Amino acid sequence: MLLLLQVLANGALLGGLYALMALGLALVWGVLNIVNLAHGAFIMLGAYVCYYLFTLAHMDPFAALPVAMLLLFCLGYALQRGVLNLIIRAPMFNTLLITFGFEVVITFLAQIVFSADFRAINPDYAGANVTLTGVTVPLVRLAAFAVALGLTAALSLLLNRTRVGRAIRACAQDLVAARLHGVEPRHIYALTFGLGAALAGAAGGLYGIVSQINPYIGGALTAKSFAICIIGGLENPFGVVVGGLFLGIVESLTSVYVGATYADVASFGILVLVLIVRPTGLLGRTT
Amino acid sequence: MTPLLEVHHLTKFFEGLAAVSDISFDVGTGEILGLIGPNGAGKTTVVSLISGTLMPNDGELMFRQRPIGGLSPFQRARLGIGRTFQIMRPFPGLSVLDNVAVGALFGAGSERRGLARARGEAAHWLQFVGLEHRAQQRADELGGPDRKRLELAKALAMRPRLLLLDEVMAGLTNAEVNDVVALIRRVRDSGVSILVIEHVMHAIKSLSDRLLVLHHGQKIAEGAPDHVLSDPRVVEAYLGRRRT
Amino acid sequence: MKRLAAWGAAAVAAMALALVPCIGSPTLVQFGISTLLLATLAQAWNIIGGFAGYASFGNSVFYGLGSYGTAIAMLRMGWPFGVGLALGAALAVVFAVAIGMPVLRLRGHYFAIATLALAEVMIAIVSNLDIAGRNIGLVLPLLRGDTMFYELSLGLLVLTTLTVLWLSGSRLGFGLIAIRESEDAAAVVGVNTTAYKVCAFALAAFFSALAGGIHAYWITFIDPASAFDISLNVKMIIMAVFGGPGSILGPVIGALLLASISELLATEVSTAASLFFGFIIVIAVVFMPRGLADVARRLPQLRWRYFGDNVRTHRL
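Protein chains in written order, with this note's numbering: chain A, 1 to 287; chain B, 288 to 531; chain C, 532 to 847.
Keep in mind the hints are simulated off the structure, nothing from the lab.
Bear in mind that the values here come from a model prediction, so they are computed numbers and not experimental data.
Errors might be hidden in some of the hints.
To be verified - Chain A is nowhere near these chain C residues, computed Cβ spacing over 12 Å in every case:
#1 G555
#2 L559
#3 G580
#4 G584
#5 N659
#6 T694
#7 D715
#8 W835
#9 Y837
#10 T844
To be verified - In silico SDA-like cross-links for lysine to any residue, where the CA-CA straight-line distance does not exceed 25 Å:
#11 C/K766 - A/I88
#12 C/K766 - A/A90
#13 B/K492 - B/P519
#14 C/K766 - A/A110
#15 C/K766 - A/A116
#16 C/K766 - A/V83
#17 C/K766 - A/P91
#18 C/K766 - A/C74
#19 C/K766 - A/G219
#20 C/K766 - A/L109
#21 C/K766 - C/V826
#22 B/K492 - B/H502
#23 C/K766 - A/P138
#24 C/K766 - C/G668
Ideal Cβ positions, reconstructed from N, Cα and C, are used throughout, including at glycine.
So that you can see chain A by itself, here it is in the shape it has in the complex:
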């Protein structure tokens, strides 16, 4: 019983981080209808930014998160404004290819600059645990979970309570009408993509604290993020939270009770099932 609680706790903490990872992808997908195959690469970059700020500038990794977010935001903005805006009205499949192109280039450059060695961000407090009712919770993971949920809530607030958020939602719903109301879509689109990249960067920084990184982690993380978006549904940001928690817990349970090598079977198997049975996701509306 205690084992079950521990496994569930691990899964939930993992799930929170997963949710943050998928959040950026969901935002860009929902608003711009772009499925960003380079999303995992952004996460990877965020992780490396935090890593180098930690090892070279001795910055606390949590404090380095905003820096990573800012840098990734700029990158995302530039890519959208410079390249993606050029093909946004082409068949969706073209954006898949182009973002894949980004992924290839970014991964390649990362491997040249950062080398392919595994790295990890290990602050002094990395080993600290807190024990609640017999369940051991690593402090860093708890903090990461809190940051993840905090950013999710912040995004929700941004989208619903600010002018910029309203402009973004307007563009998502009706581009022509948005233009008529003075919204400049080129800028808003770039802003949205930048936001998505920033969120990915934050997730990357947190990921670097709880796990090892190298230039090639992008692909699998993109795939996981898809799975979460689909499982949770794209209707509202909390779908991503649900999807992330669900996936985290399933992976945790599968790893312990079935076998570590089956964790991937479980996640992707569920993804396929959800796509076949309920493509709009657990929280989505069936039209």
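Given chain A's structure and the hints, the job is docking chains B and C onto it.
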């Protein structure tokens, strides 16, 4: 004379709202039946239920005395039910000729037709609707009235026995409307039964053998055009209750 | 007349390619085998992605099934290569039909993701199967003589291309194009969309599996990650799209061209091949989204405006 299409107690709900409620009527061979009613009366829903795009919650459909309720859209198309869409759906990247050729290639009784023959038939239908001069243009380059002609040619190339026309005259000038009316008459004369949804009153009145009026998903009148159009319930449906 | 000339050129090219093992170095022949198999994958993808418009990101599944089917038949059952190939192909086709029915109901992004997820699931499942050698993989019997594999690969490519040629003039092919252009309109006009899509998927699976089987026997070693290599998916898609999706020779030319240039760069600037691919994708998708085939078709009147127009119609 046995009717071509029999509709019995057709009902369709959308999220609890009855779009179509207990509708029954027939379409005879070689007949033009006009379907009218205010916006939102359920006319397009009826057509979608007949063509198979939508499945009814209740009711029966018989085509040539055979039940077709369980058939998918393409199966009904093969049996001889053709339709046009209100919001037109051409094959955008294909030429006008090839658009119609698809209809010829897959419509009723088409198993033996090859591509070359289908293109030949397509050319014939383009001439019939007056679009032969645009045969090689891309379908998405066509303007409004030409798109409607293309929709019609595509449906005709399927060799339907029953043609369902959904507002083919919307947005046309008077002269264009008269052209379309003449075209539809020629189609009927070639042996096709037609169910027409239309808002252009003078056109549908002169075209139809009989009229059917829908309001809030229910049939409120049926019969000869003059008779139906002077029915007080029909007038009320369109214009509202008279304040005396 | 122009078409006849094009076909004549293609036939001559095919015969020239067949002669490569006689005059080329062993490295060239090896490069040739890989490229011809990739071209087959691109052409097979063309059937489901180019003609039917369903961009599958998971055809590597069929390639892998072909590899494993062949390997298992030869290793565990002791059957000859030909039977192994047939088994692999049958496996892939059955899988395509079984999984195709539910998955082909999805459209756009969802279909792409579903196929990608299938590819990932397959890797994970096969890694846990004993008959497939789990994570360690399988070692096939060795057959010396790259020439045989080269001619076999060339033959497969020719077969696949001839199938696509047949498709482009057939009822099935026309129906697939109609589905790509407007699926709902196609259904209402009498196209059995479900059957046609599954058929296209099965055809793509068939040829992809054969390519996988040949590759497995040639390379003599397969494991889940390499047999179901996910990166193959994007390679085949880029080659097909760069060459011209929905055309007959486009994917072949795209594959040959991209592979050649990538190989050239690889020898000059080692790993820059990936970088090159990345840039090519971006440039090609932005400036010539309909591929080389479309550029070739317009060659007499081609102007710089063509590329600019592509951007103008698709930009925000």
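How the hints compare with the structure:
1. Distance check on C/G555: its Cβ is at least 29 Å (rounded) from any Cβ of chain A, clearing the 12 Å threshold; non-interface status holds.
2. Remark: the non-interface label on C/L559 is consistent with the geometry, its nearest Cβ contact in chain A lying 26 Å away (cut-off 12 Å).
3. For C/G580, the condition that its CB be more than 12 Å from all CB atoms of chain A is violated, with the nearest at approximately 8 Å.
4. For C/G584, the condition that its CB be more than 12 Å from all CB atoms of chain A is violated, with the nearest at approximately 9 Å.
5. Distance check on C/N659: its Cβ comes as close as 6 Å (rounded) to a Cβ of chain A, failing to clear the 12 Å threshold; non-interface status is violated.
6. Non-interface status of C/T694 relative to chain A is upheld: no Cβ of that chain comes within 12 Å, the nearest being about 23 Å off.
7. Separation of C/D715 from chain A is adequate, the least Cβ-Cβ distance of about 15 Å exceeding the 12 Å criterion.
8. Non-interface call for C/W835 relative to chain A: holds, since the shortest CB-CB distance, roughly 16 Å, exceeds 12 Å.
9. Consistency note on C/Y837: stated as away from chain A, and its beta-carbon is indeed over 12 Å from all of that chain's, at 15 Å minimum.
10. Once the 12 Å rule is applied to beta carbons, C/T844 is inconsistent with being away from chain A; the minimum gap is 7 Å.
11. With a CA separation close to 22 Å, the supplied pair C/K766 and A/I88 stays within the 25 Å bound.
12. Of the pairs offered as hints, the one joining C/K766 and A/A90 holds, with about 20 Å between alpha carbons and a cut-off of 25 Å not exceeded.
13. For a cut-off of 25 Å, the pair hint linking B/K492 to B/P519 stands: about 17 Å separates their Cα positions.
14. Restraint check for C/K766 and A/A110: satisfied, since their Cα atoms lie roughly 21 Å apart, inside the 25 Å limit.
15. With a CA separation close to 23 Å, the supplied pair C/K766 and A/A116 stays within the 25 Å bound.
16. Restraint check: the Cα-Cα separation between C/K766 and A/V83 comes to about 21 Å, which is no more than 25 Å; the hinted pair holds.
17. Note on C/K766 and A/P91: the hinted pairing holds, with a Cα-Cα distance of about 19 Å set against a maximum of 25 Å.
18. Restraint check for C/K766 and A/C74: the C-alpha separation of about 29 Å exceeds 25 Å, so the hint is violated.
19. About 15 Å separates the Cα atoms of C/K766 and A/G219, which keeps this hinted pair within 25 Å; it holds.
20. Under the criterion of a C-alpha separation no larger than 25 Å, the hint pairing C/K766 with A/L109 is consistent with the structure, at around 19 Å.
21. For the suggested pair C/K766 and C/V826, the alpha carbons sit about 21 Å apart, so the restraint of at most 25 Å is met.
22. Taking the CA atoms of B/K492 and B/H502, the gap is about 18 Å. The hint holds against a cut of 25 Å.
23. Using a Cα cut-off of 25 Å, the hinted pair C/K766 and A/P138 is violated, with the two alpha carbons roughly 42 Å apart.
24. For a cut-off of 25 Å, the pair hint linking C/K766 to C/G668 stands: about 23 Å separates their Cα positions.
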